[in-house]
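Make the full structure from the sequences, and use the hints.
Chains as they are written, first to last, in the working numbering: chain P, 1 to 613; chain Z, 614 to 794.
To give an idea of the chain Z side of the interface with chain P (calculated C-beta under 8 angstroms), a few residues:
id, residue
1, VAL684
2, MET686
3, GLY719
4, GLN724
5, HIS732
6, ILE760
7, GLN765
8, ARG770
Straight-line alpha carbon distances no greater than 20 angstroms define the calculated SDA-like cross-link-like pairs of lysine to any residue that follow:
id, chain 1, residue 1, chain 2, residue 2
9, P, LYS576, Z, LYS702
10, Z, LYS670, P, PRO282
11, Z, LYS670, P, SER280
12, Z, LYS670, P, CYS281
13, P, LYS340, P, ASN256
14, P, LYS97, P, THR47
15, P, LYS384, P, THR372
16, P, LYS279, Z, GLN765
17, Z, LYS752, P, ALA80
18, P, LYS97, P, ASN349
19, Z, LYS748, Z, TRP736
20, P, LYS74, Z, ASP763
21, Z, LYS776, P, ASN78
22, Z, LYS700, P, GLY534
23, Z, LYS741, P, SER577
24, P, LYS279, Z, ASP763
25, Z, LYS776, P, PRO79
26, Z, LYS671, P, SER285
27, P, LYS504, P, PHE525
28, P, LYS74, Z, GLN772
29, P, LYS279, Z, PRO761
30, P, LYS601, P, ALA398
31, P, LYS597, P, ALA430
32, Z, LYS671, Z, PRO761
33, P, LYS597, P, GLY167
34, P, LYS97, P, ASN135
35, P, LYS74, P, LEU361
36, P, LYS597, P, VAL388
37, P, LYS384, P, GLY171
38, P, LYS401, P, GLY462
39, Z, LYS776, P, THR83
40, Z, LYS702, P, SER577
Think of the hints as simulated: they come from the structure by calculation, not from any bench.
For every residue, glycine included, the Cβ atom is placed at its ideal position computed from N, Cα and C.
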Amino acid sequence: MNLLFLKNLGLIVLKFKEFLFALSLLLPLLLIGCGGSGSSGPETVQTIRLIAINDFHGNIEPPVPTNGGSVVIKDPSNPAGVTVNTGGAVFMASLVKKLQSENPNNIFVGAGDLVYASSVTSTLFNQEPAIDVLNQLQLAVSSVGNHEFDLGRTELLRLQNGGCFPGGTIGTNTCLNNGAFGGAKFQYLAASVVDNTNKTVLPATYIKDFNGVKVGFVGLPLKGTPTAVLPAGVAGLTFLDEAATINTYAAQLRANGANAVVVLIHEGGATTATTINDKSCPNFSGPIVSIANALSNDVDVVISGHTHQEYICTVNGKLLTSTGFYGSVLTSIDLTVSNKTGVRSAVANNIPVINDTNTTLPSGLVALAKDTAMDGIVQNYVTKAAAVKNLPVGSITADIKRAFLSGSTSTRDESSEGAMGAVMTDFMYAGVPRADFAITNPGGVRSDLIYAAATGGVVTYGDLLTVAPFGNDLVTVDLTGAQIIRLLEQQWEALNCAAKNDPKSLNGCGRLLQVSSQLSYTYDFSKPAGAADGQGARVVVSSIRIGGAPIDLAKTYRIATVSFLGQGGDNFTVMKSGTNYVATGYKDIDAFVAYMKANPKLAPPTNRVTRLN
Amino acid sequence: MRVHFVVNLFFLKRLKIARVFLVLAFLAATYTPSFIHAQPSPSVGAPVLTPMIEEAKKSAFATQQVCLRYVQMNVFEFEECINDRLKVKGLSSAERLGVTYMGFVGALSGQRMGSQGSHMMTWEFARKTQKIQKKLGLKDSDLCSIIPGDCQHRIARAQLILKQGAPTPLTEAELSNGHRH
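See the structure below:
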């Protein structure tokens with residue numbers, strides 16, 4: 001090309017010597033861009049294994065396969081893939097040890113929601129079993145998630161630093177081991193969570209030296225945490241922007257000599273992958289994408305969570321991973337890092353925690369062995385959980401029962417209203433913020449509370465578990481007034497009339513929803529039951545009261561219930577046509593316990609539903 | 614031999630030092646760390662889409678933007694979101710195909726992690742997709758371009774699910790969080 005022509009166009013032309021000079025100035029900058037710390041002395045290169053988990057939610061026992069306890073794996077001999085049962089701390093411990101044994105330069109890390117919204121064994125003992133198990137797994141560091149704030153900052157700090165649960169009974173539901181709870185041996189990080197003095201409530205960063213190569217970690221939850229937990233849980237705290245916070249602390253870590261920077265963040269995305277460990281990362285989307293795209297070159301790897309998704313992706317030149325949920329999968333990341341030039345390679349795999357509940361496994365897959373030490377820890381808590389069921393949680397003044405068929409004392413009548421169902425819906429209403437009323441399906445009321453004069457009517461935790469044994473999630477669904485009328489009519493329409501039809505029932509047939517005290521209405525028994533869907537007309541519309549006011553057909557009401565009914569169970573299909581389905585994160589049993597504690601000497605409630613004719 | 618390097622900037626061409634730094638800036642701006650393998654470019658070798666598939670693809674993508682985030686420990690909210698999209702009046706068959714296929718693939722995606730409700734939803738949306746697919750005269754492989762991912766696996770799963778028929782609905786105990794009291 002003609003140089004004069006280029007100059008005339010305003011282009012800059014450098015001679016070769018000038019270019020070499022420029023390159024000599026640029027080289028150190030390139031090294032910094034590669035993640036090198038520029039430390040003096042000989043170069044050291046280490047391959048470091050990161051083992052990662054997120055959204056464990058205290059599932060120390062294997063979750064059920066239909067709820068987080070299975071994964072689909074690609075199988076070369078079967079295009080449809082293979083489903084295997086996964087999870088359980090005793091099996092996870094074996095996998096962690098295997099991964100650790102393959103590389104002594106390792107660290108086990110977490111990305112939040114390790115506790116709360118958890119299995120009942122962890123819930124009964126105020127999350128101490130989950131922390132104990134994670135300590136045994138040698139977890140070193142984790143970000144907090146939104147659920148770590150479920151009971152507020154003070155309780156989070158107790159889980160970190162140790163101490164017995166305030167108001168708990170030592171040896172019964174807290175401080176089970178020698179009357180003490182030592183807290184997490186791992187370090188929780190919360191770089192973006194500051195108090196009124198603008199100080200972080202937990203450390204922002206963590207750094208570990210692997211034989212001359214330093215890896216720095218920044219940990220933080222999603223900025224939207226305050227919208228995901230009760231206000232009391234985050235009172236006085238501010239949650240800062242994720243990317244800006246990460247970039248600030250990543251630069252600090254580099255300045256402090258980190259040769260690689262790993263982000264542990266409780267925020268995530270989703271793909272359209274249909275088997276685990278699909279590294280093509282199809283259709284990746286979600287809040288973590290914009291966060292990752294805003295990260296500086298100081299960051300090498302992002303370990304994420306929150307969305308309960310599993311993926312291995314690359315965004316903005318950074319490896320981005322997540323394991324799914326409930327401890328079914330672990331991520332193994334091998335980072336080759338130089339103390340001069342930073343990260344040279346990053347290879348990740350999501351590895352299923354295959355447990356021993358699989359009847360068959362395809363060739364090439366084997367179940368993990370139970371880890372003996374971990375088995376002892378888990379069984380200790382499972383055994384103690386049985387004892388906790390005798391813990392008093394409230395009292396009643398008389399029997400609180402379900403409705404029974406005429407002439408029977410043991411066969412429940414799901415076509416009628418019962419006092420026990422009324423109590424259940426009352427605690428659901430009390431346990432869910434901003435609901436207008438609560439409902440539950442009569443089949444979900446599994447037992448009665450019987451007054452025992454000898455104890456003054458004391459009710460134990462175990463008693464409540466017999467009434468509400470499912471550990472259901474409490475959800476809310478929005479329905480209009482018109483939809484609520486349709487919902488109530490479905491109680492006696494064809495499907496429910498066929499499903500629950502007993503001549504001994506005072507109502508003949510149907511499933512009568514149990515309702516909280518905020519809803520009352522009358523139905524006319526002289527009108528025919530068993531009409532086709534949409535044809536029923538038993539409810540006396542003018543009688544319906546919600547919160548004491550006549551129902552407004554156009555108004556939208558928020559209904560608290562259990563997830564089973566919330567998504568249309570027991571033929572209440574109107575629930576599926578509702579809007580704004582929200583899983584609140586609260587368990588029915590927790591709300592039940594809280595309600596009984598708040599209402600000592602509880603009397604059987606009066607009826608809310610009136611029958612005409 | 615003289616080798617020359619060219620940078621396009623007009624106003625500083627007479628300043629030698631400045632020229633050096635301009636080269637630095639240019640190289641730094643175009644530098645990308647290469648220690649991690651980049652994702653393959655989706656456009657390379659991509660098949661030419663028919664207008665019908667293109668329409669379904671746009672519909673699926675729009676549905677993904679709104680609904681996919683609801684696939685979490687269960688697919689109930691995701692299913693509600695998909696059904697809401699199907700209620701939109703005036704959808705063409707191709708647009709409906711995009712929505713139902715996203716419902717199927719999203720539920721299948723949840724099933725890979727044992728998400729609650731995914732067994733039933735994959736079956737329901739495999740049926741819905743098949744119905745529209747037949748109406749439009751499309752083969753299984755014609756759907757592959759609508760949503761990125763392992764299409765051979767999706768086809769095999771859809772065939773298996775439809776062959777097996779309706780799954781048994783989860784009991785209330787199975788719909789719980791699996792707590793063993």
